[in-house]
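Turn these sequences into a full structure, and let the hints steer you where they fit.
Just so you know, the protein sequences line up as chains A and B, in that order.
Under this note's numbering, the first sequence has 46 at position 46, and the numbering climbs by one with no breaks.
Under this note's numbering, the second sequence has 45 at position 45, and the numbering climbs by one with no breaks.
These are computed hints drawn from the structure, not numbers from a lab.
Quantities reported herein were computed from a predicted structural model and do not represent experimental measurements.
Quick reminder that beta carbons are idealized off the backbone N, C-alpha and C, glycines included.
Any given hint might turn out to be false.
Simulated coverage check for chain B against chain A, where a stretch passes if three residues somewhere in it have a Cβ under 8 Å from a Cβ of chain A [unchecked claim]:
#1 227–240
#2 279–286
Calculated cross-link-like contacts (lysine-lysine; reagent style DSS-like; alpha-carbon spacing at most 27 Å) [stated by the list, open to error]:
#3 LYS378/B - LYS121/A
#4 LYS121/A - LYS302/B
#5 LYS121/A - LYS414/B
#6 LYS302/B - LYS284/B
#7 LYS121/A - LYS391/B
#8 LYS325/B - LYS337/B
#9 LYS90/B - LYS378/B
#10 LYS391/B - LYS90/B
Cβ-Cβ distance ranges computed for the label pairs, FRET-style [as the list claims (entries may be wrong)]:
#11 LEU148/A - CYS199/B: 45 to 53 Å
#12 ASP112/B - VAL80/A: 49 to 57 Å
#13 LEU76/A - SER81/B: 51 to 59 Å
#14 GLN229/B - GLY3/A: 33 to 41 Å
#15 ASN200/B - GLN275/A: 53 to 61 Å
#16 GLN229/B - PRO278/A: 54 to 62 Å
#17 PRO49/B - VAL80/A: 39 to 47 Å
#18 GLU204/B - GLY3/A: 23 to 31 Å
#19 GLY133/A - GLY341/B: 40 to 48 Å
#20 VAL80/A - ASP369/B: 52 to 60 Å
#21 LEU123/A - GLN282/B: 16 to 24 Å
#22 LYS325/B - GLY3/A: 37 to 45 Å
#23 PRO278/A - GLY149/B: 52 to 60 Å
#24 LYS391/B - ILE131/A: 39 to 47 Å
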Amino acid sequence: MIGQIIINGLLNGAVYALVAVGLSLTWGVMDIVNFAHGEFLLWGLYSSFWIWALMGLDPLISLPIVVVLIFALGVLTYLVVIKRVLKVSGLTALLATFGLSMVLKNLTQFFWTANYRNVTKPLVSNQSFNIFGMYIRQDYVVAAAGALLLTLLVTLFLNRTKTGVAIKATSINKSAAQLVGIDTNRIYAITFGLSGACVGAAAALMASFTPIYPEACSLYSTLAFVIVALGGFGNIKGALFAGLIVGVVEALGGYFIGTSFKYLVVFLIYLIVMQIRPRGLFGW
Amino acid sequence: MKKVFAILLALAMVLSLAGCSSTPATTTAAPSEATTTKAAESEAPAGDPIQIGAVLPLTGSSTGEFLKAAMEVAQDIINNSHDLDWDLAKNKGILGGRPVELVFADHQASADIATTEAAKLLDQGVVAITGAYNSGCSASVATQALEYGVPMVCGSSSSASLTDGSTYAFKSIFNRVAANDEQESQEFFEYLKYLNETCNAGIEKVAIAWINNSYGIHANEMFEKYAAQYGFQEVASVSYESSSTSFDTEAAQIKESGADAVFQASYIGDLTLFAQAYSSLQFKPAAIVCYCGGFQDASFAKVATDLGVNNYAGGQACTAQLADKLPIFSYVNELYKAKTGQDIDGPALEEFASVIVAAQAINAAGSTDAKAINETLKSTTFEAPYLITQKIHFDENGQNDIMPAVVTQLIDGKYEVVFPRDEYATADPVLDK
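This is the structure we're talking about:
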């Protein structure tokens, strides 16, 4: 039984990490808090759903389309909301994204009502592999594989490409980056776009097992912030490990302490870690 | 910046946990464009409109759009002349032809907002109030209504505490159409007993998964009471927060308990995730019996069909399968379908009934005086030709005491009436082991 609980936790944790990778780009790397991250995920889920409902394309097939759509949403967010407030110090950018989050959530409600929607008969079902008496869900395995792949791709992008290095340079010292000829405006726009693309990929991978409604991503969003902080700001791999830790802690906490308190255990551990290691478990 | 945000994040976490206790809910696909019915095109009744308040979860994590549509059908039935063997539908309006005007308010599934919205409607002078779907919100609305002495007819809230006569003080003005979870529990265990006696189901151990709110807490209490009374062994009671991202741990605990039958007090989102988790664990108890909520949502039929399972059952006020046996229900269903594109479900029919009963009470009282309406509600048996029971009657605590629900089972995606075994049964129970 414990094995089953841990497997469930790891697979759920991989899904959390999947959502957190995109956030770690804007918050962790660029130090811009995007409170609308959960709504990006929500719009990714709705995009997957409507493409499935109207065109009959499974979310896994439409993944590239959703990635492009949410990439565009990310770029647009930067150009319309973030760019103008970046020069203002303090919490202005944070509050601007908070406002954006409210706008996107209300638009979701307005366009698609509060009704629950489900993708039925997905390409990869919720049936399980039975390995040593443990049931391992196929849809979760695909999402977990997606989380690993996404982490790898983002890490490679940041370390091995010119744009990736420019993103890191901009995050470390924006003025110095400008002095060496980096177009920081373009870099910010790309980073927001990439963050959106990551969360679009996450949405496409989750769409087959997540009921879709305007409040569907509230907890995912909160957990993503916890995971990025726990994993260490700017550490993409840290976010993956932190996601897995959160998943396992949630599952074991629920099993041993009570399912009503499973998130309490997660947040308690977060608070303790922040006291001991304010830069997160894997932060520099 | 990061330090500042860490503080904000801690606040967000607190808010998130607080959010865990909110009451989400149901529904399916968006209602299509409202279709004007022939009856609605007819001449409107004369006289000043009589305002009835309706407090529903119209936005937020829950939706009352379908419930609102059902109430609007009731308004149409009352205000326009319909060719039915039912006086209320034949005549235009009440009290000699005055139309009923529904005034809607949105409580967003929050008991606090429900209080404020109810107070606004009552200040506006509504003569009766209906709603509020979520049991906690119905209690808030009723508490306000009591202060004004205005009668409340509650449609679909199921918590037994609303009408136990002791938890709340509002029994003098409160009346509830739906079966409460005590009535449902009794009927569910009768159903399990029937399955054991006639279908050799072998159900001995029972478990429950319940959402940690007013609805779930009372459902669990009633489950425990009647499991003991009917001699079933309770092997697990698992509570959960509705905002959880998955219910794999909860489902694994239920499976580990070895339950032969599982009870669920869940809304549509959580019930869907539970169904997926049970399926992935290859857990197929003889019956999964659901207290109203998510099971009654038409979208769950698609989920169960998709998963290929037939072992979900639950209470319903009515089902589309009964259309041939209940012509007035069939007529109401067609009006509703024209507005929403789908068959009317249990909660929607109960909200429909709440408006009808409020109008019948005003009509029978002969005035819009709150005291007279309250007295009529407590002393009259109301005609309800759209229900299997045909009648609605409220006891001194406001509970409809003519058992207003049957056990339906989702068989191949259709809600079939399987219990009681009377003339309204539409199919035999299926043991989907």
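For each hint, the structure was consulted:
1. 227–240: It holds, with 3 qualifying residues against the three required.
2. 279–286: Holds, because 4 residues of the stretch 279–286 of chain B bring their Cβ atoms closer than 8 Å to Cβ atoms of chain A.
3. LYS378/B - LYS121/A: Given that 27 Å is the threshold and the Cα spacing comes to 50 Å, the pair is violated.
4. LYS121/A - LYS302/B: Holds: LYS121/A and LYS302/B sit about 10 Å apart, inside 27 Å.
5. LYS121/A - LYS414/B: This hinted pair holds, its Cα atoms lying about 18 Å apart.
6. LYS302/B - LYS284/B: Satisfied, since the Cα-Cα distance of roughly 18 Å is no more than 27 Å.
7. LYS121/A - LYS391/B: At roughly 42 Å apart (the allowed maximum being 27 Å), LYS391/B and LYS121/A break the hint.
8. LYS325/B - LYS337/B: Judged against 27 Å, a Cα distance of about 18 Å means the pair holds.
9. LYS90/B - LYS378/B: 25 Å, holds
10. LYS391/B - LYS90/B: Given that 27 Å is the threshold and the Cα spacing comes to 18 Å, the pair holds.
11. LEU148/A - CYS199/B: 45 to 53 Å: Because 47 Å falls inside the window, the suggested range holds.
12. ASP112/B - VAL80/A: 49 to 57 Å: Cβ of ASP112/B to Cβ of VAL80/A: about 34 Å, so the range 49 to 57 Å is violated.
13. LEU76/A - SER81/B: 51 to 59 Å: 53 Å, holds
14. GLN229/B - GLY3/A: 33 to 41 Å: 38 Å, holds
15. ASN200/B - GLN275/A: 53 to 61 Å: 59 Å, holds
16. GLN229/B - PRO278/A: 54 to 62 Å: Distance hint for GLN229/B, PRO278/A holds at roughly 56 Å.
17. PRO49/B - VAL80/A: 39 to 47 Å: Since the Cβ atoms of PRO49/B and VAL80/A sit about 45 Å apart, the hinted range of 39 to 47 Å holds.
18. GLU204/B - GLY3/A: 23 to 31 Å: Given a distance of about 28 Å, which is inside 23 to 31 Å, the answer is holds.
19. GLY133/A - GLY341/B: 40 to 48 Å: 45 Å, holds
20. VAL80/A - ASP369/B: 52 to 60 Å: 57 Å, holds
21. LEU123/A - GLN282/B: 16 to 24 Å: 21 Å, holds
22. LYS325/B - GLY3/A: 37 to 45 Å: 51 Å, violated
23. PRO278/A - GLY149/B: 52 to 60 Å: 58 Å, holds
24. LYS391/B - ILE131/A: 39 to 47 Å: 57 Å, violated
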